[in-house]
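Asks: Residue numbers (my numbering), protein chains in the order written: chain A, 4 to 223; chain B, 4 to 223.
Hints are computed from structural coordinates only; laboratory data are not their basis.
Just to be clear, a hint being listed does not mean it is correct.
It does not matter which identical chain is meant; a pair holds if it fits inside one copy or across any two.
To be verified - In silico lysine-lysine, DSS-like type, Cα no more than 30 Å apart, as pairs:
id : residue 1 : residue 2
1  : K74       : K50
2  : K73       : K185
3  : K57       : K73
4  : K185      : K49
5  : K5        : K50
6  : K49       : K164
7  : K164      : K65
8  : K50       : K185
9  : K117      : K50
10 : K185      : K65
11 : K50       : K135
12 : K74       : K185
There are 2 protein chains.
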Amino acid sequence: MKRFLIEGEHLIEEALKANVVETIITDTTCPFAFEEVVLVSEAVMKKVSQNVSKVHLIAVCKEVEVDLTKKERLLILDGVQDPGNLGTMVRTAMAFQFDAVYLSNQCADLYNDKTIRSTQGALFHMPVIRVKDELDCLVASLQEEGVNVVATTLDDAKPLKEVETCSKMAFILGNEGQGVSKSLQAMANQRLRIEMQGFESLNVAVAAGIVMYTFQERVK
Amino acid sequence: MKRFLIEGEHLIEEALKANVVETIITDTTCPFAFEEVVLVSEAVMKKVSQNVSKVHLIAVCKEVEVDLTKKERLLILDGVQDPGNLGTMVRTAMAFQFDAVYLSNQCADLYNDKTIRSTQGALFHMPVIRVKDELDCLVASLQEEGVNVVATTLDDAKPLKEVETCSKMAFILGNEGQGVSKSLQAMANQRLRIEMQGFESLNVAVAAGIVMYTFQERVK
Numbered sequence: 004m005k006r007f008l009i010e011g012e013h014l015i016e017e018a019l020k021a022n023v024v025e026t027i028i029t030d031t032t033c034p035f036a037f038e039e040v041v042l043v044s045e046a047v048m049k050k051v052s053q054n055v056s057k058v059h060l061i062a063v064c065k066e067v068e069v070d071l072t073k074k075e076r077l078l079i080l081d082g083v084q085d086p087g088n089l090g091t092m093v094r095t096a097m098a099f100q101f102d103a104v105y106l107s108n109q110c111a112d113l114y115n116d117k118t119i120r121s122t123q124g125a126l127f128h129m130p131v132i133r134v135k136d137e138l139d140c141l142v143a144s145l146q147e148e149g150v151n152v153v154a155t156t157l158d159d160a161k162p163l164k165e166v167e168t169c170s171k172m173a174f175i176l177g178n179e180g181q182g183v184s185k186s187l188q189a190m191a192n193q194r195l196r197i198e199m200q201g202f203e204s205l206n207v208a209v210a211a212g213i214v215m216y217t218f219q220e221r222v223k
Numbered sequence: 004m005k006r007f008l009i010e011g012e013h014l015i016e017e018a019l020k021a022n023v024v025e026t027i028i029t030d031t032t033c034p035f036a037f038e039e040v041v042l043v044s045e046a047v048m049k050k051v052s053q054n055v056s057k058v059h060l061i062a063v064c065k066e067v068e069v070d071l072t073k074k075e076r077l078l079i080l081d082g083v084q085d086p087g088n089l090g091t092m093v094r095t096a097m098a099f100q101f102d103a104v105y106l107s108n109q110c111a112d113l114y115n116d117k118t119i120r121s122t123q124g125a126l127f128h129m130p131v132i133r134v135k136d137e138l139d140c141l142v143a144s145l146q147e148e149g150v151n152v153v154a155t156t157l158d159d160a161k162p163l164k165e166v167e168t169c170s171k172m173a174f175i176l177g178n179e180g181q182g183v184s185k186s187l188q189a190m191a192n193q194r195l196r197i198e199m200q201g202f203e204s205l206n207v208a209v210a211a212g213i214v215m216y217t218f219q220e221r222v223k
């Protein structure tokens, strides 16, 4: 099982809730009732930490195996490069009750320090799956399961407000520069564009936020 | 008049459109038909640049005086700390035809390299005003001009979908940790919350994107 590090009290609190913490490392007293605590010197802490400012709590966490049964609202990320954007989208997916986030192999690392911080702890509760093959295979298999796959793009697409809500939907958001690849756009059941005027340019995490807000899962 | 630096072809192209470039500095040939070009060595370029990767074009730009006549859609930022969030919100405001963005004195620097890059050039076209006094005075004066001021918050607020569109609206978004200050929440004509379930946490630029998309100005 793979391991990764997280820093700071808030993230560790979320990780403890999700039961993924193996060890807590600290140079002070640990505020959590947790058995596996290792006390180290300030110098060791500084060496291990990725942060410029002082950190007093680091935790070793285990990657969790994802078992996905519900696929009503999915986010598919095609080559998102920026760790901040990636983490923010995982956080937003959690807020709007999405069931999972799929990452293409070209996406930034989910366990990058910046990505983890941007999720604000959502990655401990949200299934995030890195797809080993091309996304085409994933899209085809989701379509076989009856998922309506929607690609976001500026060309030849339906305005967001006119896209109907289906019971099972997956939204593809693309790379910061290139957007969603042409082959995925062609495969999708629908193409959607966010209505804008003048400056046709949105940050990918903002675009994803607008789409996920619009199609969020409502409590029945 | 104050000056600031921008880097890279795309940003300089946008700045030239807005007529704010004074001088272009390059260690190669300048791709733009522009008179004031200074040729420097690679070493000088490296010294001036804020970027880790090599940059071949830097421009000296002048800050533009803002003269605001139209106030139908406004964004007010109360202590937004992260330059990336700030720049992204300016970019989004441009995409959704907002008339201006007001920044409290506690906000990040608009002319920070990271902020400028995150605007993707929108800051050359979008009026952005740094408010010297407290935001309370701005809000009071906007209200006198008939602007409906809406604070975004999680407490005691109307769901976004139930907020009516008015002809003149201003939306206050707050600091990443604290949100909108209590005094501004109390002053606002309305309080709005983005409907979420479970994880009550959104990145401020994502929240602003959802709000601005919903109340964007439509071409009449």
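Asks: Each hint needs a verdict: does it hold in this structure or not?
Replies: Against the structure, the hints:
no.	hint	in the structure
1	K74 - K50	neither (42 Å within a copy, 51 Å between copies)
2	K73 - K185	within (28 Å within a copy, 40 Å between copies)
3	K57 - K73	neither (41 Å within a copy, 46 Å between copies)
4	K185 - K49	neither (45 Å within a copy, 37 Å between copies)
5	K5 - K50	within (21 Å within a copy, 41 Å between copies)
6	K49 - K164	neither (50 Å within a copy, 47 Å between copies)
7	K164 - K65	neither (41 Å within a copy, 40 Å between copies)
8	K50 - K185	neither (44 Å within a copy, 40 Å between copies)
9	K117 - K50	both (17 Å within a copy, 27 Å between copies)
10	K185 - K65	neither (36 Å within a copy, 40 Å between copies)
11	K50 - K135	neither (33 Å within a copy, 41 Å between copies)
12	K74 - K185	within (24 Å within a copy, 40 Å between copies)
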